[in-house]
Amino acid sequence: MSDQPGVATRPGQAADPAREYVRIEGVTKKFGDFVAVDNVSLSIMKGEIFCLLGGSGCGKTTLLRMLAGFERPTQGRILIDGQDMADTPPYARPVNMMFQSYALFPHMSVEQNVAFGLEQERLSGTEVRQRVGEMLDIVQLGDFLKRKPHQLSGGQRQRVALARALIKRPKLLLLDEPLGALDKKLRERTQFELINLQERLGVTFIVVTHDQEEAMTLASRIGVMDRGEIVQIGTPSDIYEYPSSKFVADFIGSVNMFEGKLIEDEPDHVRVDCPDISGVVYVNHGISSAPTAKVWVAIRPEKIDIEREMPSVSENFCRGTVKEIAYMGDKSVFLVKADSGSMIRVTLPNTERHAEDRISWDETVYLSWHASSPVVLAQ
Amino acid sequence: MANSLTAGRLNPLYVLLLRYGPPRWSNYIREHWLGQRLVIGIPFVWLLLFFVAPFLIVLKISFSEVQLAMPPYAPLFEWAAETKRLVATFNLDNYLFLLTDDLYVRTFSYSVKVAAISTLFCLLIGYPMAYAIARSSPTMRSVWLMLIILPFWTSFLLRVYAWVGLLKTDGLINQALMGVGLINEPLTLLYTDFAVYIGIVYSYLPFMILPLYANLEKHDLTLLEAAADLGAKPIKAFLTITLPLSIPGIVAGSLLVFIPAVGEYVIPSLLGSSDQLMIGRVLSDEFFSNRDWPVASSVAIAILLLLVLPIVLFQRFQNRELAGQK
Numbered sequence: 001m002s003d004q005p006g007v008a009t010r011p012g013q014a015a016d017p018a019r020e021y022v023r024i025e026g027v028t029k030k031f032g033d034f035v036a037v038d039n040v041s042l043s044i045m046k047g048e049i050f051c052l053l054g055g056s057g058c059g060k061t062t063l064l065r066m067l068a069g070f071e072r073p074t075q076g077r078i079l080i081d082g083q084d085m086a087d088t089p090p091y092a093r094p095v096n097m098m099f100q101s102y103a104l105f106p107h108m109s110v111e112q113n114v115a116f117g118l119e120q121e122r123l124s125g126t127e128v129r130q131r132v133g134e135m136l137d138i139v140q141l142g143d144f145l146k147r148k149p150h151q152l153s154g155g156q157r158q159r160v161a162l163a164r165a166l167i168k169r170p171k172l173l174l175l176d177e178p179l180g181a182l183d184k185k186l187r188e189r190t191q192f193e194l195i196n197l198q199e200r201l202g203v204t205f206i207v208v209t210h211d212q213e214e215a216m217t218l219a220s221r222i223g224v225m226d227r228g229e230i231v232q233i234g235t236p237s238d239i240y241e242y243p244s245s246k247f248v249a250d251f252i253g254s255v256n257m258f259e260g261k262l263i264e265d266e267p268d269h270v271r272v273d274c275p276d277i278s279g280v281v282y283v284n285h286g287i288s289s290a291p292t293a294k295v296w297v298a299i300r301p302e303k304i305d306i307e308r309e310m311p312s313v314s315e316n317f318c319r320g321t322v323k324e325i326a327y328m329g330d331k332s333v334f335l336v337k338a339d340s341g342s343m344i345r346v347t348l349p350n351t352e353r354h355a356e357d358r359i360s361w362d363e364t365v366y367l368s369w370h371a372s373s374p375v376v377l378a379q
Numbered sequence: 001m002a003n004s005l006t007a008g009r010l011n012p013l014y015v016l017l018l019r020y021g022p023p024r025w026s027n028y029i030r031e032h033w034l035g036q037r038l039v040i041g042i043p044f045v046w047l048l049l050f051f052v053a054p055f056l057i058v059l060k061i062s063f064s065e066v067q068l069a070m071p072p073y074a075p076l077f078e079w080a081a082e083t084k085r086l087v088a089t090f091n092l093d094n095y096l097f098l099l100t101d102d103l104y105v106r107t108f109s110y111s112v113k114v115a116a117i118s119t120l121f122c123l124l125i126g127y128p129m130a131y132a133i134a135r136s137s138p139t140m141r142s143v144w145l146m147l148i149i150l151p152f153w154t155s156f157l158l159r160v161y162a163w164v165g166l167l168k169t170d171g172l173i174n175q176a177l178m179g180v181g182l183i184n185e186p187l188t189l190l191y192t193d194f195a196v197y198i199g200i201v202y203s204y205l206p207f208m209i210l211p212l213y214a215n216l217e218k219h220d221l222t223l224l225e226a227a228a229d230l231g232a233k234p235i236k237a238f239l240t241i242t243l244p245l246s247i248p249g250i251v252a253g254s255l256l257v258f259i260p261a262v263g264e265y266v267i268p269s270l271l272g273s274s275d276q277l278m279i280g281r282v283l284s285d286e287f288f289s290n291r292d293w294p295v296a297s298s299v300a301i302a303i304l305l306l307l308v309l310p311i312v313l314f315q316r317f318q319n320r321e322l323a324g325q326k
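Order-wise, the sequence lines are chains A and B.
Counting along the first sequence from 1, when you hit position 268 you're at 268 in my numbering, and nothing is skipped either side.
Counting along the second sequence from 1, when you hit position 221 you're at 221 in my numbering, and nothing is skipped either side.
Quick caveat, the hints were computed from the structure, so don't treat them as lab data.
Worth double-checking, as some hints may not be accurate.
[Claimed, not checked] In silico PhoX-like cross-links for lysine-lysine, where the CA-CA straight-line distance does not exceed 20 Å:
id: 1; chain 1: A; residue 1: 337; chain 2: A; residue 2: 303
id: 2; chain 1: A; residue 1: 46; chain 2: A; residue 2: 30
id: 3; chain 1: A; residue 1: 168; chain 2: B; residue 2: 233
id: 4; chain 1: A; residue 1: 303; chain 2: A; residue 2: 246
id: 5; chain 1: A; residue 1: 46; chain 2: A; residue 2: 171
id: 6; chain 1: B; residue 1: 236; chain 2: A; residue 2: 168
[Claimed, not checked] Okay, the calculated beta carbon distance ranges per label pair:
id: 7; chain 1: A; residue 1: 129; chain 2: B; residue 2: 113; range: 30 to 36 Å
id: 8; chain 1: A; residue 1: 41; chain 2: B; residue 2: 235; range: 47 to 53 Å
id: 9; chain 1: B; residue 1: 181; chain 2: A; residue 2: 122; range: 47 to 53 Å
id: 10; chain 1: B; residue 1: 235; chain 2: A; residue 2: 140; range: 32 to 38 Å
id: 11; chain 1: B; residue 1: 308; chain 2: A; residue 2: 140; range: 45 to 51 Å
id: 12; chain 1: A; residue 1: 129; chain 2: B; residue 2: 235; range: 52 to 58 Å
id: 13; chain 1: B; residue 1: 318; chain 2: A; residue 2: 140; range: 32 to 38 Å
id: 14; chain 1: B; residue 1: 243; chain 2: A; residue 2: 330; range: 52 to 58 Å
Glycine included, each C-beta is placed from N, C-alpha and C at the ideal position.
Okay, chain B solo, but in the shape it has when bound:
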C-alpha cells in the first residue's frame, strides 16, 4: 500500500506526514479554545432553542389581545400601510386582569401554600430517611436508594391514579378502616386538600431524599466524634454539626419539591376538589377551555417571575457554598 503511494512522484502530503507525523488537532483546538466553546455551546444552543425562544413567544403573546382567529391572538407588530410604519401594540390588560380578578391571586397563593406545606412534609419525612440511608452500610445503601428510585419505573400518572383507588369512598383505605371497625361511615378522603398533599408529598419525596442523601453521605463522621469529645450529647451534636452542614441539601431538596409543586397540574386535577384550583389548572383552563392565549401566557409569565426569584436565590446560595469549599 505504502509502495503505491511512494512509487513515482511522492505525494507532498505524504512527505509532510512522514516528516511531522499526523496533524495535531488537539493543539489546534487547545490554541483556539474550540473544545471549551463546544462544550458550553451545545447546552447553550439547546437552551436558546427550547427555552429562550419559546419564552419569548409566550412573552409576546402575553402582551397581545384575544382574537377569534388562527392563532387566537392579535399580532403585536403590524405594518401600517398608510403611514408606512411598523406599529407595535403592547397590551398590559392581561396583567392588570390577573390582579383585578381575584381568581388568579387566590389560586396562586393557594398553590404556594400547598407547595410550601408539601415541601415541609417532604422535608420532615425525607430527612430521617436520607439520614438513615446515609448512615447504613454501603451494601444496604444501594438497596435503599434503589427502593427510593423504584417508583419512577411506573408512570407518574398511573401512580396518581392508584391514589384515587386508595382514597375514594369505597377505596381500599375506607374498606380497611371499616373492616377493622374503626369507622362506620366512609371518610371523604378523595377530592380534598388532604388528598392533594398526600399526592404531592408521595410523588415528590424522592426529589427531597436524593439531594439530602448526597449531602449527608459526604459528612465526615469524625466531626461528630469531635463534638462528642468536646462534651456535646448526640442531639446537640446533630443540631450544631450535622444540621448546619446539611443546609445545602435541605435547600436543594426543598427547591426541587417546591418549584414543580407550585405549578403542579395533574395531582390537584385528579385528587383535589374542583372549587379549590391550583394555578397550573387555571393556566391550562385559560389555554384550552377559554382559548384565551394572552391571559394564559401572562399567567405563565407571572408564575415564572414569582418562581425565578427562588431559583436565583438558590443559585447564589450554591455559588457561595461552592466558594466555601476550598
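Next up, chain A with everything else stripped away, as it sits in the complex:
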C-alpha cells in the first residue's frame, strides 16, 4: 500500500515491519446473535501507533477489549509477542490499557493510582516511589501527588490515566478514545504529546477512536472498521488518497461521489461517463478492483478548481452555479449546483487576506480537476 505516491510516514515513528508484535487471526466476537467483530485478521508491528477508526458500534472497542482480555473471542486467536492469549487473564497480560472514562480509582491519590500497577509486582517501596515520581514528571504532574482524582481537571486526569497505564513499562498500550473527553484545543496539544511520549518510550500503541482527525494525526497506520469488519488498512495518506471503498472515502474527510458507467478500462487510464456532471471523467491511472459496469468516482473537495472561464479541456470539468459559500477562516467551502442538479463541494484555501475578485453567490462557474485526482470505486 505504502508504495503508492503520497505523504511519507513520520521518520521517528517508522515501525519495524520485520517485527510483528500483535497478531489477530480470524477473530470473531458475538454477543448473542449480534456479531460485534466479524472475522478480523490484523498484524500490528512493534513500535507503531495503530489506530482503529470507525463509527460507534463498529466493533473497535470490542476488539480492543479482547486484546486486553476483558472479552474472549468467540472464534479466532490473538497472539501477543508470539504467545497465544486465549487462556491468559487480563492481570497476566503484558498489556496495559488507558480507559475511555480513565477509570481512576476515586479513593486513591494521584500517587497511589499510578503506583497501583507496580504494587502488584511486589517491588520495594523506594523503587515504587522513584518510578512513580519519574513517570509523573514525564506527564508533568509532579506537583499533584497527593490530589484525589476529583480534584483534578479533565486534562490532568487524562495524564494520570496515561501515567498509570505506562508505569509498568508495557510493550503494548491500548488506548480507548484517549482524547475523547478533552476539549478541542487541549486535544490538539495532547495528540502531539502522546506521539512524543510514544517515540521516547518505544511502546506500541493501539488507539481506538471515532475521530478521523485524531487518527490521522496519531497513527502510523489506520484500520478503518465498519460493522465489525476491517474495511481498509493503510497509512493516513493511503486511506485519504486511495480509499478502497465508498464507505472509507465517505467516512474519512469529505468527498464528492458521482455514480457513473465505465466506458474505457485500460491498465494506464480509465474513462467514466458520469451523468451527475454531464460529462466524462478521465483518470490517468488504472483501477485495481474488478471492473463492473457501475462505478463511483470520488473527488476530494480540495482537489477541484473553481473558475469563471470555461477550461480548455474536453474532459474532467463541469459547469454549475454557486449556491452556498462558507467562510471557515483558513479555507472557504463552496457548494456548487451542477447543471445536472447534483451538488458539488469545493474548498479553496484562503491564501490572501482579501482577494478582490472573489467568486460570489449565484455565479456560473466551471469546476475542473487533474486527471490524477479522482478515485474510481467499484463498491
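Following the hints, complete the assembly by docking chain B onto the known chain A.
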C-alpha cells in the same frame, strides 16, 4: 361572565389583572425565601414537637425524685411561698445510682456486646448477599430486593414469635435434628444468647443489606477492569478497590443495625434468658414494674448519650464522604 364584571364600573382588581396578568406568587416566594424556610420548617417543627420536647421532659424527670404520687416523681421547680422564690432541685442521685448498682453497667455492656456481635454477623452475611444482588442482572435484582423486603410485610412481633416455635425444646429444629438422628436429646436453643443473636441478626439483616446494596450497585465496574489490567488478581482487586469504596455502605448498614440492636427490647425478652438482661429490658422494668420514672429516664438519657456518639461520628463521616464526591 367577563361581561358582568366589565359591565358598568370596572373592578380595579380586574383592570390590574388585565394589565399585569395573574400575580406571580413564585417571585414573591423566591424573593422572601419562603419555600426554603417551609421545606426546612416542616421537619424542624416535627422534630421539635416529637423529639426535642419529649427529650426535655425525660431529661427533666431524670433529675427528679421518686414520689408516690401522680405523676410518680417530684416536681423539679417549686414555688417557695415563704421566700417568694422559685426553687429548683436538681437531683443527680439517679445517675450516681446507675454507676453504683452494677446491674446497669453490666446490662449496658452486655447490650453493646450483643449488638456489636450481631452487627458483625449481619455484615458477614449481608455483604456477600448485597454484592451478589448488585452484580446480578437488573431483572433478578428487583426480585432479590423484593425477597429482602418481603419479611417486613409480616409483623415484627410475629416473626420473633415464629423463632420461638422453631427454637423451643419440642420445636421444629429439635424435631428435625432428632428425626434425622443427629442428636438424641433436644438441644436447649431457646432462652439462650444464641437465640438472641439469631433473632437480632435475622430481624436486622435487611437494614445491613439495603445500604450496602445501594452502595455496591453504584460502583463503576471499569475500575475492576483497570485493576485487573494493572495486574491485580480478582481477590486483590476486591480488597483494594471494591472494599474501600464500599466503606460508606458498611458504616451506614452497621449503624442501622447496631443502634437499634443496643436498645432492643422485644427479641431478648422473647428469646433470651431471664438472667441476662439487655438495657432495653431494664429500662422498661424500671418504668413499668418499679414505677421509678426518674431512674428509667436517667437510663434512657445514658443510652442516648452513649449512642449519640456513634451517630455524630456517622454524620461527620457522611459529610466527609459527600464532600469527597465532586
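Consistency of the hints with the structure:
{"no.": "1", "hint": "A:337 to A:303", "verdict": "holds, 17 Å"}
{"no.": "2", "hint": "A:46 to A:30", "verdict": "violated, 29 Å"}
{"no.": "3", "hint": "A:168 to B:233", "verdict": "holds, 16 Å"}
{"no.": "4", "hint": "A:303 to A:246", "verdict": "holds, 18 Å"}
{"no.": "5", "hint": "A:46 to A:171", "verdict": "holds, 8 Å"}
{"no.": "6", "hint": "B:236 to A:168", "verdict": "holds, 17 Å"}
{"no.": "7", "hint": "A:129 to B:113: 30 to 36 Å", "verdict": "violated, 43 Å"}
{"no.": "8", "hint": "A:41 to B:235: 47 to 53 Å", "verdict": "violated, 36 Å"}
{"no.": "9", "hint": "B:181 to A:122: 47 to 53 Å", "verdict": "holds, 52 Å"}
{"no.": "10", "hint": "B:235 to A:140: 32 to 38 Å", "verdict": "holds, 35 Å"}
{"no.": "11", "hint": "B:308 to A:140: 45 to 51 Å", "verdict": "holds, 49 Å"}
{"no.": "12", "hint": "A:129 to B:235: 52 to 58 Å", "verdict": "violated, 25 Å"}
{"no.": "13", "hint": "B:318 to A:140: 32 to 38 Å", "verdict": "holds, 36 Å"}
{"no.": "14", "hint": "B:243 to A:330: 52 to 58 Å", "verdict": "holds, 54 Å"}
Consistency with the previously given hints fails for numbers 2, 7, 8 and 12, ordered from lowest to highest.
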